[in-house]
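A.B. asks: Sequence:
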Amino acid sequence: MNRRSLLAAPLLLPALAATRAHAQGQNPSRLRMALLPDENASTIIQNAQPLRAHLTQALGREVQVVVTTDYSSMIEAMRFGRIEIAYFGPFSYVLAKSRAEGIEPFAVGVERGSPTYRSIIIANAEGPVKKLEDVRGHPVAFGDQASTSSHLAPRATILARTGLVGERDYRVVHVGTHDAVARTVESGRAPAGGLSEPIFQTLLTRGIIKRERVVDIAFSDPIPNYPMTMQSNLAPELKQAIRDAFLNLRDPALLRNFRVEGFAPTTDAAYDVLRETARILNLDLGRMS
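Note that the sequence shown covers residues -23 to -1, 1 to 266 in mature numbering (1 follows the signal peptide of the UniProt record, and there is no 0).
Because the hints were derived from the structure by calculation, they are not lab data.
Incorrect hints may appear among the rest.
As the list claims (entries may be wrong) - The following label-pair restraints were derived from C-beta to C-beta distances:
1. Arg113 / Asp198: 18 to 28 Å
2. Arg113 / His151: 13 to 23 Å
3. His151 / Gln217: 48 to 58 Å
4. Ala137 / Ser91: 19 to 29 Å
5. Pro105 / Arg220: 44 to 54 Å
6. Glu238 / Asn259: 27 to 37 Å
7. Arg56 / Gln34: 26 to 36 Å
Backbone N, C-alpha and C define an ideal beta-carbon position, used for all residues, glycine too.
Please construct the entire structure, taking both the sequences and the accompanying hints into account.
C.D. replies: Take a look at the structure:
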């Protein structure tokens, strides 16, 4: 997730005092973009620098990157107009939309020619989980509660379809981020865990996780990829400029940090499948957000 162009200085969302009134109407001179805390915050901030330069030039105004403390704080910031652009996870977008109608997705990441990706369940290579059914009676590590590929998809489209129900057949343990899930499983603190397959592959490539210490157990169905969203009340010409800045992004160095090959147009309807997935798990969207 390359969010580099947005970062003039690392900003922690709770420290943002700005409100919608500070946005100078619908055509603000400064745009704030939030990036999901699905990896270590310092890593996200470091990788965010090149994108900041691209967006600042393309949009002709200051662009500032914001890294939130968790998914909920990002949802609330978008809801109350403290940020103008946000790169949500699929399910966190659904949660945000359930609280604030004035949010619109306009672009989605494309990987291997598809606007979808998968969740993966991994297990400690020396642990008791050798196949999916073995998680019964053990803790399973997940990321943020609002994470698509590190909570919703592993539970609903992998474990639940095998007949395994959280807190009945296995203990649900939330550890925060995708990389924290991988480290938890690698160390054996939990014998299995669910996270994004692209993030897992990145952790392996970087050498953060050792391939010989973890094994692949199962994969989810395709999930609609992360949407880029913006406030609907921005000026039409600014909204078009923001769309163009992402849809025309071709620089492989920038796209590599998003773990995508490019961006394609998207709409809210593309995420209805996640609303149905939440229904399967009996999740109350209003209560979760």
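A.B. asks: Honestly, do Arg56 and Gln34 meet the 26 to 36 Å range at C-beta?
C.D. replies: This hint holds: roughly 29 Å between Cβ atoms.
A.B. asks: Indicate whether the distance between the beta carbons of Glu238 and Asn259 respects the range 27 to 37 Å.
C.D. replies: holds, 36 Å
A.B. asks: Look at the Cβ atoms of Arg113 and Asp198 and judge whether their distance stays inside 18 to 28 Å.
C.D. replies: 22 Å Cβ-Cβ, so the 18 to 28 Å window holds.
A.B. asks: Holds or violated: 19 to 29 Å for the Cβ distance of Ala137 and Ser91?
C.D. replies: Holds - the Cβ-Cβ distance for Ala137 and Ser91, about 24 Å, lies within 19 to 29 Å.
A.B. asks: Are Pro105 and Arg220 spaced within 44 to 54 Å by their CB atoms?
C.D. replies: holds, 49 Å
A.B. asks: The hint says 48 to 58 Å between His151 and Gln217; measuring C-beta to C-beta, is that right?
C.D. replies: Violated, since His151 and Gln217 (Cβ atoms, about 39 Å apart) do not stay within the stated range.
A.B. asks: So does Arg113 sit 13 to 23 Å from His151, Cβ to Cβ?
C.D. replies: With Cβ atoms ~19 Å apart, the hint holds.
The earlier numbered hint that this structure contradicts is number 3, and it is the only one.
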